[in-house]
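Student: Take these sequences, add in the hints, and give me the full structure.
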Amino acid sequence: MSVASYFITNRTSSWLFAAILLIGGIIAYTGLGRLEDPQFTLKQAMIVTQYPGASPQQVEEEVSYPLENAIQQLPYVYHVTSVSTAGLSQIMVEMKDIYRARELKQIWDELRHKVTDLQGKLPPGVGTPLVKDDFGDVYGILYAVTGDGFSDDELRDYVDFLRRELVTVPAVGKVAVGGEQQEQVIVEMSRSRLAALGISPAQLASLLQSQNVVSNAGSIRVDADRLRIHPTGEFQQVSELESLIISNPAASELIYLGDIARVYRAPTEMPSQIIRHGGENALTLGISFSAGVNVVDAGEQIAQRLQQLNYNRPVGIELHTIYNQPDEVANSVSGFIVNLAEAVAIVIIVLLVFMGLRSGILIGLILLLTVLGTFIFMKQMQIELQRVSLGALIIALGMLVDNAIVITEGILIGIQRRLKLADAAALIVKQTQWPLLGATVIAITAFAPIGLSSDATGEFAGSLFWVLLVSLLLSWVTAITLTPFFASLLFKSQLQQSPQAADDEALYRGAIFDVYRTVLTAAMRHRFITYALTILLLVSSVLVFGKVKQVFFPPSNTPIFLLDLWQPAGSDIHYSADQAKQIMTYLLQQDGVTNVTATSGRGAERFMLTYQPEKIYSSYSQLIVRMEDKAQLPALMKQVREHIYSHYPAIDAKLMRLEVGPSTPAKIEARFSGADPDVLRQLSAQAQQILKADPGARNIRDNWRGRQKVIRPLFNEAMARRAGISKQDIDDVLLTSLSGKTLGVYRDGTHLLPIVVRSPLSERDNIDALYDLQVFSSKLGRYIPITQVV
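Mapping to the numbering used here: the sequence shown position 28 is 28, numbers consecutive.
Hint data in this document are derived by calculation from the structure and do not stem from the laboratory.
Be a bit skeptical, because a hint or two may be false.
What the hints assert, rightly or not - Here are the simulated EDC-like cross-link-like pairs (lysine to aspartate or glutamate), alpha carbons at most 20 Å apart as the crow flies: (1) 121 with 110; (2) 121 with 60; (3) 615 with 68; (4) 630 with 327; (5) 741 with 269; (6) 114 with 68; (7) 114 with 62; (8) 549 with 659; (9) 174 with 134; (10) 741 with 729; (11) 709 with 60; (12) 114 with 134; (13) 420 with 409; (14) 132 with 614; (15) 615 with 180; (16) 96 with 133; (17) 96 with 455; (18) 741 with 772; (19) 430 with 455; (20) 654 with 669; (21) 96 with 60; (22) 114 with 103; (23) 638 with 652; (24) 114 with 94; (25) 709 with 678; (26) 96 with 62; (27) 709 with 731; (28) 692 with 642.
Tutor: Structure follows, in structure tokens:
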């Protein structure tokens, strides 16, 4: 018994198969994960190492270079780049594309071992290298938290409360906070006053470091109990530091720290990141999702949890949405589902028009069952509903009906030849099942290079191949099984319409066949004209194809654009943030702009897969601009570009839309390598001039930026040795007088606040005051002017 005969005869099995596809497909569809983009693992890690006081060259030679050598010994490494700036090394490691997420965990462990093994060989003063293997994590929900009238400390405490609560939501993977300002306990004293009292920096440092240290005072047995001894003396409040006695034990009067210094809490003057939303200072709260969850459902859980936590939100603190992936996914998937439904409807309507009512209903039903059956396999294969998988279904629609059309047409012809329906179905299935399978496999093979590719393309777009594979094979299965079965139900009345068998010529009568026969006959009679027209069409197609806009991944439909602002190299982060705030104010005045978020010092949290956050630069700011409609983006971007060029000529600005799929920082990139930095800068300048000559080129820059100015005090070693002063003493007095030196730790619950000693603002911001500094000589036991040794 043939397959067709079996399914026609065994109706129970046929109905069961159809019910499984129908009901199982609906259930699977409701349980499918929903994402904006396919899950894609960024095979990148960042190693950040601090080297306070070192020049960029020292950082490169003593930190970045040894780390790069150690990292490159790993066989998995594809590319290593490093950025060495004053006091900071940032190394980006990219692994080969052949490794997937399940293999990267072991690779990151080996990377850490390499870095840890080298740590002991790094110079003194180098901080512990921080390996950030979660650099590619996507925080699909990004909030900005603002608080009008609230201090940074109060805002931080509330955001920390939200972080602790949200991380308990089952669908939440991680919660990251951005823009936190490191709070410090500032001991602000005049160096001249300290010199007048004869108190050495070492004496002050020893007092601050030893007074608030956590140490073990032991324990004692009392009867049956063992009692721990815990002496008092630790600072419980910042004001207690003012009561610290700093005078010499032999002095006749007591001098308290509060007598010569102002002690208070304040954020650091040199934060690594400053965030503003709508002109207000803000912190960002990034939420990533657990693997395999339905992002839309996860968004509802998070929104519900935030609603429950409203009881603890102080009046004045607001949560603003910068990016909400669940909403974007819901809109994106809904749009694709609408497109899919429209495509199915169009196919069915065309079938109804050209094949008749019953044939159209039959093939439309088979198409619907095939799509629903595909959802079942997608659920088992853990393929989510996202751009690529839904796009694959739309691509496959035109091919999914081919097999069913062949079987249906063959059954109808057999009926017209007066064959029994079961015999007609068995005959056409026997004649065409293997040729149809071969054609189906050929169609699948065309997409195999994408799905079987071991690189990033295969990982990102692999679901295109697997969805096509499943849907096309399933269309072949339903064509040779369910199509004959449903044909036996729908075509019963046609068995009695023709009293006698139709000949072959009668089978192909009608207006459409008559037109086709006429055109085909004319083409065969006038062969040379047919050849000429065919060649002309081919040449025309090739020529016109060159005019088609070519882009691998189009811009995203999300109405957001990014504005990168680069101040001159070495600019203070506060200056960068102020300039960004001015441009933010201008943007908020434009029609169609709903909100603007500015981050200075580095990029925001990675809120979507294709977003690439910038590394740490004090001269860098980025504005995330959301509009009401994506159609408004091009006009406003052009307007903003012209505004910045005319009003902020010193700013190097770059505007870009969010993209779909993997992207690069620039569309055209050139790399120059060599040992001489001056020659490299010359080559870069020449290349930029060539690119600037093209009117279509924009955002032309190199990644070295400009040179930075430095102040170089000239150390007189001979004079310093006579006075018993070392270079470290000079560095300490300069650090304490300007940026501030950390001399201890103040404990505030879960927060550890550094105790920083520095000069008042009037002395710190006055470059001429450097000449008035005094340095303590342990050999002479007194302060001497710094100009004697520098």
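Student: When you check the alpha-carbon spacing of residue 121 and residue 110, does it fall within 20 Å?
Tutor: holds, 18 Å
Student: Verify the proposed pairing of residue 615 with residue 68, using a straight-line Cα cut of 20 Å.
Tutor: Distance ~18 Å between residue 615 and residue 68 Cα, so the pair holds.
Student: Assess, step by step, whether the Cα of residue 174 is no farther than 20 Å from the Cα of residue 134, and give holds or violated.
Tutor: holds, 10 Å
Student: Take a quick look at whether residue 709 and residue 678 sit within 20 Å of each other, Cα to Cα.
Tutor: holds, 16 Å
Student: Is the hinted pair residue 114 and residue 68 satisfied, with a Cα-Cα distance of at most 20 Å?
Tutor: Within the cut-off at roughly 10 Å; holds.
Student: Between residue 638 and residue 652, is the straight-line Cα distance small enough, at 20 Å or below?
Tutor: OK: residue 638 and residue 652 at ~15 Å, within 20 Å.
Student: Is it true that the CA of residue 630 sits at most 20 Å from the CA of residue 327?
Tutor: holds, 16 Å
Student: Assess, step by step, whether the Cα of residue 96 is no farther than 20 Å from the Cα of residue 60, and give holds or violated.
Tutor: Roughly 25 Å separates the two Cα atoms, so the pair is violated.
Student: For the pair we were handed, residue 114 and residue 134, check the Cα-Cα distance against 20 Å.
Tutor: holds, 18 Å
Student: Are residue 96 and residue 133 close enough, with their CA atoms no more than 20 Å apart?
Tutor: With Cα atoms ~15 Å apart, residue 96 and residue 133 stay inside 20 Å; holds.
Student: Taking 20 Å as the top limit, are the C-alpha atoms of residue 96 and residue 455 close enough?
Tutor: holds, 8 Å
Student: CA of residue 692 to CA of residue 642, is that 20 Å or under?
Tutor: Given pair residue 692, residue 642 holds - Cα atoms ~17 Å apart, limit 20 Å.
Comparing the model with each earlier hint shows violations of hints 19, 21, 26; every other hint is respected.
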